[in-house]
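Colleague: Sequence:
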Amino acid sequence: MARRNDPLAIYNSKRDFAKTPEPSGKAESSAGGDLFIVQKHDATRLHWDLRLEVDGVLKSWAVTKGPSPDPDIKRLAVRTEDHPVSYAEFEGTIPKGEYGGGTVMLWDRGSWAPIEGKSAKDLEKGHLHFILQGGRMQGEWLLIRLKKKPGEKRENWLLRKLQDEHAEEGDVLVERELTSVLTGRSMAEIAADKKGEYPLAGKKDEAFLAQMEKASARNEAKAKQRKRRKAAPLPKFRQPQLATLVDDVPAGNGWMHEIKFDGYRALVAAKGNDVRVFTRSGKDWTEKFGPLVGAIAALDLPASLIDGEIVASDADGNPDFSKLQQVLKRGHGSQSKADRLAFHAFDLVELDGEDLAKLPNIERKERLEAMLATAEPPIHVADHVIGAGEKLYEAMCAAGQEGIISKKIDAPYRHSRSKGWVKVKCTRRQEFVIVGWKASRAKGRPFASLLMAQNEDGELVYKGNVGTGFTADELDMLAGKLKRLERKTPPVAVDAASARQVTWVAPKLVAEIAFAEFTADGKIRHGSYLGLRSDKDADDVKPEKAAPAPKTAANVKISSRDRVVFPDSGQTKGELADYYEAVAGIMLPFAARRPVSLVRCPQGRAKKCFFQKHDSGAFGDAVHHVPIMEKDGGTKGYLYVEDARGILQCVQMGTIEFHGWASRTDDVELPDRMIFDLDPDEGLDFGDVKQAARDIKARLSDIGLVSFAMLSGGKGVHVVVPLAPGHSWDAHKDFARRFAEALSLAEPQRFTATMSKAKRKGKIFIDWLRNQRGSTAVLPYSARARRGAPVAVPIGWNELKDMQNAKSFSINDANRLLTRAGSKTLAGWGFADQELPDH
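For the sequence shown, UniProt numbering gives the first residue as 1, with consecutive numbering after it.
Hint data in this document are derived by calculation from the structure and do not stem from the laboratory.
Model, not experiment: these values are computed from the prediction.
Some hints could be false.
Stated by the list, open to error - Label-pair restraints from in silico Cβ distances: (1) Gly135 / Lys19: 29 to 39 Å; (2) Asn318 / Gly184: 35 to 45 Å; (3) Gly570 / Lys801: 29 to 39 Å; (4) Ser808 / Gly570: 16 to 26 Å.
Here a beta-carbon is modelled for each residue, glycine too, at the ideal position from N, C-alpha and C.
Taking the hints into account, I'd like the entire structure generated from these sequences.
Modeller: Structure, rendered in structure tokens:
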């Protein structure tokens, strides 16, 4: 019989410790008395148990759907019995029939504390404002008790993340974090410790399920990752792409726009703990950025070469070049907030030994976002917008920032200056070489002004003087450097008046100068010193002259623009072409360099439509073909595109839909994505399809695979699983089939893995047949040859619940889709560094 006043009496009374592996216990505190844990618990219903140590026990709440880092998402948290502190190490399977029967994973742990001025006693008042320091849950959180409804026995609370630097949009925590913080195992592996129990258990294919369980073990995944990293060496320095100065923001949706950071350009080579930081000229500055190097090393990245900018921020949080100079002068060993530097990554040049330079800008950015999905400050992925560059430029100028960088969406990475990247500055800023100084009459000031020059046609050309912008410390620092560089003869040609009372110096130091304009004779007007550029060589300093903003139209003539292609809703061939021209950039990461089958409807969707996959040579110069061996041993050319021009040439030839292989043209025998197309029987509600998609996502998560959702533009939802190439088509197809069959065996009343209409009645067909060599699936952002001109659209898992059907977007929504594509919800959509489990 439980003792009175025992805080664990209810806990102990509910359990038979001869049958359950859970610990029995008494009230006792941990060493710090501030423990918190979260356990993922697949019992009657999957939930996450939040437990906070208070007075020697773990106060507990069952959180449905798991904790969300999004302040806009409130989660129901049902108060449960107190647990012993010893429960903080429990992970395993509670037998069926016992209280809480099911698999338990230790999902997070750390310490907690009430915010200043509050205490754990606030729980008695029905609220708790607290801070978590865990491996996954961090920052400020809030628990609020709800008023009980008549007849309600359970105690319901709401758990909510508060806005701070750890807040994120959506349910990324439960979607991203799939393994135990204690053992590194997935739910499937934990469940596999208890023979015969597994989320997909079906008696007819237990051998396959057992193999999947073993393959999903995190330690095995890590071993594979180590092998890959060993095979790919630490990348070497490569010349970075440089931007061309232009006078206006390039217009159109063919451009992505980013903030121009006011800092030092850096290429970061990383491979696990081995990290090197290079300047744009190739100098190794790893030692200068110790804390940043440590933060990157902690991410345990695969072999990669990342392009970005190192910045320091002023008191308002804006990038400040002068502040960066001060921090570097003091030394970046300091971890103080005032001296904290940040790295803003904006491009991925190499990954796992693969040269990504040939890929479109937008695809490289998507891969970068996926690779750095778990990165936290001071490591950031630079945000971008597609189109609407003028608005970003105006906002940056209003905020006193340097300007923006605009990048052609479908351009490759070029190791030189090009018009694929252009910069538009709010103020005139350029680099100059210091060639001399003039003495000052002011007491205590070592010089009055510096003489500046730039390289033109192989020689230095004098560009005038700069006498403002120096702090007292900078005056002394520069005077010392200039003293060591003094020379008797001028390194540039100057007139007698300009040379009067000048002390000449060797042209070694590079300074960044802000100025109003160049005068008619090419001299700086109203110049102001910003700082030295020790990351740049004097020989490379040349004048920047703004060129006209480049034009990016695909230049494909669309004939018969007024022909109605969608007779029920009225959209024309011209409107379809305009849609594809607008979204080509966000479509290319999924459509480029992939064999495609086209749905062509030359007379509109209501007339004859047909598939075409072979190249007849009639499409145009931007529609290519890749030779692929057929079953009979012969070879045929399959269509593929690489840029917006190729997409539009297909549209000109009457194409409405684009369907792609699950492999790239680089090696068509190595599939890189798996697709489960959920096709509901007539009469099923779309809510059934949404729930099925979420369930499949959960089952894939159980075996360690990240997946993404896409509205098909038809009746269903596609669950997309990106994979690293390296397995065969036979393995790809076999895994997809067995996974679908296992689901249909586990829940035969809901699912079928058989194409037969007779066996599909009242069920959802998990179409795994898209995963065979030669099969295709509709590509993201492809229009559909259906009523209303719908579009296949990527969505975040947190968005799926609000979708009314699979045709929520049409070709009329191009601007809306472009805005969505740049959101945090879709950052890195469709990309993940993961392999097909062995089986």
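Colleague: So, against the hints stated earlier in the document, which numbers end up violated here?
Modeller: none
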